[in-house]
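Here's the letter readout for the chains.
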Amino acid sequence: MIKRKIEEYFFKTLMILATIIVVGSFFLIVGTIFSKGLPYMTLDMVTKVPGGGFYIGKEGGVLNAIIGSLYIAGGATVLGLIISIPVAIYINMYLNNKNFISNLLRTVFDVLFGIPSIVYGAFGFLIMVYFGLRASLLGGTIAVTLLIIPVLVRTLDEVIRTVPGELRDAALSLGATRWEAAKVVLRQIRPGIYTAILLAFGRGIGDVASVLFTAGFSDNIPTSLHEPAATLPLAIFFQLGSPIAEVQGRAYASALILTIVVLIITLLSELLIKKFSKHKIG
Amino acid sequence: MTNTTPHISVQDLNVHIGNQHILKNISIDIPNKKVTSIIGPSGCGKTTLLKSFNRLLDNTADVKITGKVLVDGEDIYDPNAEITHIRKKMGLLSQRPYPLPMSIYDNVAYGPRIHGNPKKKDLDILVEQQLRATGLWGEVKDRLNASATRLSIGQQQRLCLARGLAVNPEIILGDESTSALDPVSTNIIENLFIELKEKYSIVLVTHILRQAARVSDYIIFVYMGEIIEYGPTKELLHNPKEKLTQEYVKGYIV
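Just so you know, the protein sequences line up as chains A and B, in that order. For the working numbering, add 53 to where a residue sits in the first sequence, where the first one is 1. For the working numbering, add 118 to where a residue sits in the second sequence, where the first one is 1.
Worth flagging that the hints you see were computed from the coordinates, not collected in a lab. Glycine included, every Cβ here is placed at the ideal spot set by N, Cα and C. Some clues are possibly wrong.
Unchecked claim - Here chain A is said to cover these stretches of chain B; the calculated rule only asks that three of the stretch's residues, wherever they fall, bring their Cβ under 8 Å from a Cβ of chain A:
1) 155-161
2) 213-226
Claimed, not checked - With the Cβ distance kept under 7 Å, some of the chain B side facing chain A (calculated, not the full set):
3) N172
4) T202
5) K206
6) L210
7) I243
8) A264
9) S265
10) T267
Said to hold, decoys possible - Taking lysine-lysine pairs in the DSSO-like style, the calculated list, with each CA pair at most 30 Å apart, reads:
11) B:K151 - A:K331
12) A:K327 - B:K142
13) A:K101 - A:K89
14) A:K236 - B:K239
15) B:K317 - B:K151
16) B:K259 - A:K328
17) A:K333 - B:K237
18) B:K239 - B:K259
19) B:K368 - B:K182
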């Protein structure tokens, strides 16, 4: 009896400790960013592009990187969804009686998921060299799209798999085509689509390696797909490498901006998830 | 079509799933405008047999189907058969109700909408008609735009029946349709089946013998993937010819 109690106590303590470590590091990270970044957080940071002396600590902000990151992560999420939703539906609604092929495809996407982002960057760069393209908004968006497609496909796939087969059968038995039944399933998983978007956008906006060669960096806000574009993670990287304290501080301010952008996207998607769960069954 | 022609005629049906032989040499005629119950122990293949009628079985992984299933004389496993047309002929009522993730109204309107572009006025009439047919109208007429998931499970099952009837089927397939329901809802559904056989041929899978006795005209007893016995309800339950049927009816085989 006493052994069981000790065991219960031991594992409960372990769980609490583990949770404290996770939550603690969250607050530690956010706290560091706030305390180091807030003093350098000026209106100029979010409303101006870098001025002539920005990198030695003078005038300007990181608006170029904010806009660049939003363009690339947003564009890649949209492109990624256009590709991933059909793939996830195909695997689940059309290949669902062919376990071998659908499981093979799932493995392929798991492998793609695990490939480091620098490989996507290098691959994107190779394609660009082949077509004679320079580092640009387009190149960066494509590289990030490749990076997040596996995230989207696997998340959507898992979400679709939680839908009971009977719901699909209910639509089919009314004489629906498979695509019409898929639309019913998509309605059911709409909250899950927002979760997938959140994960993909988060991975896309935070990634450095995939945009390093493909998007390049620019102090200007890109006005066309063929111009190079700055991104927040790269801006943080460059500023952090500076020996000037002012510039280093701005790196933390940029990190703060990035965190706030992700926070806004998270809250927005949670709002949408709530809104569209109304008709969800089960 | 007269009442003597079978509505569904199964000829030499064999179903394999993976390397399991689920249904073995099934040949059976399902009569028109009667209630036919398929009974048998769990895992005997009765649901598989039911799902072979509207080809939902096609969606099962690694399934292999040989033989013929004729509905109104047309082989539904013919490669040229129009599958959506076949399924439209049969309403399915599954074990648990699965309302579509939309409003009560849209659930009933779903079928008519995918099969054509009905006018709003006609649709309103149709929805009311089917909700009345399943005795749901009085309970939901003031909240047709509410989510179908807000209904009780018994109401949901009747909504699913109304949804199936709205596409104007000839046959109703019930897969243990009352097993998730409370006794009152079960009673309502059973009475609906008896009412509906005036217009529809009904095939029910059930593991409740008393239910089969109450609602069906004919019973098919399936055991280990084979049809052991088929006959009128009273005869099969009170005077079974086969030893296996006797044992099942007495409760020796579960």
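Here's how the hints hold up against the structure:
For the region 155-161 of chain B, the stated coverage by chain A is not satisfied: 0 residues place a CB nearer than 8 Å to a CB of that chain, which falls below the threshold of 3. Given a C-beta distance limit of less than 8 Å, the hint that chain A covers the region 213-226 of chain B holds, as 8 residues qualify and 3 suffice. The criterion of a C-beta within 7 Å of any C-beta in chain A is met by B:N172, whose closest approach is roughly 6 Å, and the hint holds. Given hint, B:T202 at the interface with chain A, holds; its Cβ is 5 Å from that chain's nearest Cβ, closer than 7 Å.
Hint on B:K206 holds. Least Cβ distance to chain A is approximately 3 Å, under the 7 Å limit. The beta carbon of B:L210 comes within 4 Å of a beta carbon in chain A, closer than 7 Å, and the hint placing it at the interface holds. Interface restraint check: B:I243 against chain A, minimum CB-CB distance 19 Å, threshold 7 Å, status violated. About 10 Å separates the beta-carbon of B:A264 from the nearest beta-carbon of chain A, more than 7 Å, and the hint is not met.
Checking B:S265 against chain A: minimum C-beta separation of about 5 Å stays under 7 Å; hint holds. Because the beta carbon of B:T267 sits about 5 Å from the nearest beta carbon in chain A, less than 7 Å, this interface hint is met. For the proposed pair B:K151 and A:K331, the alpha carbon gap of about 39 Å is over 30 Å, so the pair is violated. Only pairs whose Cα atoms come within 30 Å are accepted, and A:K327 paired with B:K142 is rejected, the gap being roughly 49 Å.
Of the supplied pair hints, the one linking A:K101 and A:K89 holds, its CA atoms being roughly 21 Å apart against a limit of 30 Å. Restraint check for A:K236 and B:K239: the C-alpha separation of about 25 Å stays at or below 30 Å, so the hint holds. Proximity of B:K317 to B:K151 is assessed by CA-CA distance (about 6 Å); at most 30 Å being required, the pair is judged to hold. Taking the CA atoms of B:K259 and A:K328, the gap is about 25 Å. The hint holds against a cut of 30 Å.
Distance check on the hinted pair: A:K333 and B:K237 sit about 27 Å apart at the alpha-carbon level, within 30 Å; holds. For the hint linking B:K239 to B:K259, the alpha-carbon distance of about 16 Å falls within 30 Å, and the restraint holds. Of the supplied pair hints, the one linking B:K368 and B:K182 is violated, its CA atoms being roughly 34 Å apart against a limit of 30 Å.
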